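Using the hints provided, position chain G relative to the given structure of chain P.
Chains as they are written, first to last, in this note's numbering: chain P, 11 to 269; chain G, 3 to 329.
Derived from the structure by calculation, the hints contain no laboratory data.
All of these numbers come straight from a predicted model, not from anything done at the bench.
Wrong hints could be hidden among the right ones.
[What the hints assert, rightly or not] To give an idea of the interface, some chain P residues facing chain G are shown, with a C-beta separation under 10 Å as derived from the structure:
#1 C19
#2 D27
#3 E28
#4 Y32
#5 F36
#6 G39
#7 V110
#8 D122
Idealized CB from N, CA, C, for every residue including glycine.
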Amino acid sequence: MKKRLLYFCKSFKINFDELEIYDKDFIFGVLGVLVEYLSGLLMMFFIYDFVEDINGWSLDQVLFFYGLNLVGYSLWSCFFINTITLPYYIQRGEFDRFLVRPESPLFQIMMDSFDDDSWGELVTGLIILCYSWIRLRIPPIYFLALPIIVVSGCLIYLGISIILSTFSFFTIAQADVANITMEVKEFAKYPLTIYPKVLQIIFTVVFPIGIVAFIPGMVLFRQIPWQLLLVIPLVAIVFFVLSTRVWYLGLKHYGGTGT
Amino acid sequence: MGNEIITVNRLSKQYHVRIITEGNIIKRIFSKKKYKEIDALNDVSFSIQEGQYVGVIGNNGAGKSTLIKLLTGILYPTAGQVSVMGRDPFNDRIKNNRNIGVVFGQKTQLKWDLSPLESYDLLKTIYGIDDETYKENIKKFVGLFEMEDFINNPVRSLSLGQRMKCEIAAAFLHNPSIVFLDEPTIGLDVFSKDSILRFLRSIKEESNVTLILTTHDLEEMNSICDRLIIIDKGRIIEEDTIEHFTERFTCSKSIVFCIEGDIWKDINPIDNEVLIVDNGKVIVSNVRKERVNEIISLMLANNTINDVQIIEPNFTEMVKKRINEGD
Chain P
11 MKKRLLYFCK
21 SFKINFDELE
31 IYDKDFIFGV
41 LGVLVEYLSG
51 LLMMFFIYDF
61 VEDINGWSLD
71 QVLFFYGLNL
81 VGYSLWSCFF
91 INTITLPYYI
101 QRGEFDRFLV
111 RPESPLFQIM
121 MDSFDDDSWG
131 ELVTGLIILC
141 YSWIRLRIPP
151 IYFLALPIIV
161 VSGCLIYLGI
171 SIILSTFSFF
181 TIAQADVANI
191 TMEVKEFAKY
201 PLTIYPKVLQ
211 IIFTVVFPIG
221 IVAFIPGMVL
231 FRQIPWQLLL
241 VIPLVAIVFF
251 VLSTRVWYLG
261 LKHYGGTGT
Chain G
3 MGNEIITVNR
13 LSKQYHVRII
23 TEGNIIKRIF
33 SKKKYKEIDA
43 LNDVSFSIQE
53 GQYVGVIGNN
63 GAGKSTLIKL
73 LTGILYPTAG
83 QVSVMGRDPF
93 NDRIKNNRNI
103 GVVFGQKTQL
113 KWDLSPLESY
123 DLLKTIYGID
133 DETYKENIKK
143 FVGLFEMEDF
153 INNPVRSLSL
163 GQRMKCEIAA
173 AFLHNPSIVF
183 LDEPTIGLDV
193 FSKDSILRFL
203 RSIKEESNVT
213 LILTTHDLEE
223 MNSICDRLII
233 IDKGRIIEED
243 TIEHFTERFT
253 CSKSIVFCIE
263 GDIWKDINPI
273 DNEVLIVDNG
283 KVIVSNVRKE
293 RVNEIISLML
303 ANNTINDVQI
313 IEPNFTEMVK
323 KRINEGD
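Next comes chain G alone, as it looks inside the complex:
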């Protein structure tokens, strides 16, 4: 940790979009065409440290994919700079590509009629992977993903989950320093998702790979990422470590007590705390973290408690709240 591996400085990307005008086709062809500029990304700056797993979140059309395309050098910025390992990923593409692995969740990298193993062999040549590394990685990935059963079947016959495992393995084959996963778990069942998350965790333990992940499954992101970046309408509205972000937003917890008998006393709500008494249950919500201990001690001292439950707002709720807050 510590080295900046990706630096993004005041990055903007505009798309030039044709406005479809009214009128019949002949009129449309010969009339002056109207265009408008759409800001896909607007003055974005951040940096990513080596070895971090970074989750990029945002609604559809917020600019996530554009950001990934700029970071991988597929597009070049309208303004601002991207530096990946000290290089410009667009102008120094071939060199940069040796160090990165990319998976676009909705498009395949593998050849349809070939087995994953045959596609890997082709990638071995394209990336110039030496025999030893190649064998080692194949063995490791086949083990982690349990791919023995389908690694020799043509890609067209694989299920979505199997295919995605193969795609992700392909992105890690040449031991890249940075891997970009654009919605890798879209449309997958829970077991395939788990398997992919396990894989990513295990890679994290044994290597110093930096991972940039976009997903709509926020709990999944919460479980493997160190940091998060929230993009909304082309701007970064939040950039923080997951830990710190969670801390900031879990300031409000709820505590539920199940009480034997019907007597309770000694809780006076302070600040925004809300107290609800309902059929043998006492619920205190909007509790600040520092107050949790105090409230529980007080309740335990004065009542017979059957059960206590502390409810943290889940990660999805926090992110939703953050996006609604806006800039």
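Bound-form chain P, shown alone:
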């Protein structure tokens, strides 16, 4: 564990050094992300000019869901997004190098590259979350739960990307199934209840990302018992562990077939 932490810190530092080389790339990347989110948010303000609420949720409440989900997503996207690069490594034959080192190949892939543009998403997410937090006058005591919820969200996104990338162990051609992780975020940023039943089930049972923002929202705005918040880290951990199991099954298949 200590070794992994050191490995993480070094990878982080290396990634920062690389920023220096591609500094313009970094600045424009972050700006691009900010503009993208700004336009999405403007749209939302615009819609709420016409309607009081959507499905019983006010603008500030929707922003709360949006921000909480985005912070968890951007943590994944900043540090662990490289899991979805697996098909490229396999196709170019670069994957084998992870298999000859005394460290989990999955962890090595995560550490191999970070995504700098996602810093923009993290900042956007935090600003939206703070804004809605203040507007809704959420009691400060809930700050204590915030890190756990956000990290759980990150873990669930990580689990989704791990499960989806496992497909590339089975297909020789590069399939971008893992990129679906990014699309999942688009659904998860609104309260679950606005979706049809099928999607609600998918986002609670199959890819449990729906619960990350939804349970806190229900606790705060619909007065369900706060103890339900504990479900979030539990589900996140179980889902993450399961996803790594699936990944290693895929790896075993890869070892059997080769390329």
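Just chain G now, with coordinates in the frame of chain P:
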């Protein structure tokens, strides 16, 4: 020497390969897909002793890379067992990887935008190398490979030769017991090649590292390996010490005499020996080792000799001959 460090027992590896069928794309997608099994390795057994340098030779597609992938635990066998230091390299991967170093000649282990030194620092963490060993090895490798000039440059700016030196140094950084080099000198100039061979020789002198090397440069292999394994069509067709192999195949040498004047006598070719007289030169070829002394003495006794040349068939020729002989 003496301990078996790698044991391979009746190892086979089959690949499942899709046959591309005829017809248009729609037809191909919906028709039943056909597969065939390809034997990359077929019932291979051998063992390698600690401290040996072993060269694996074979034509493209003979099964060399598959063998290396099985020995390093990247793939697992269809049948048979591999044991590396008593472990199964596939199922006990993490532990096994602490003791091995691997270089794939055509792929890089180093990070493109980083300098080799920064990549080494990352490897130090991954392998858990202690500070002292790390410093010592870096100093040693920088000296042996003359890397001072480029060790701080980003990998993308290095020449192929420089990069390969860095790759090989990376594989030795954690003092592995076994190092696998898959075509480490492919595409390198002679000076870089020499430098790498010097490095490997010097490592051999001072440590007990076991080296498994694949290459197409047979003379290079001849110069550093103790043993050779020749693979052809997924089977081992030859496994011997280089010394013994060379001995077996140098049974036929050629001797060239330059003679002053034009008289010569007293050589009666025996067995397969061939005698050619050409413009003041006498060439006896297909000479067995034991006969060399005899022929030279006879010639010296009866002629005035300006120059004698003994031509050994080179290693490449021997291996070619062996591969052509087949199983």
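Broken hints, by number: The structure conflicts with hints 5, 6, although it agrees with all the remaining ones.
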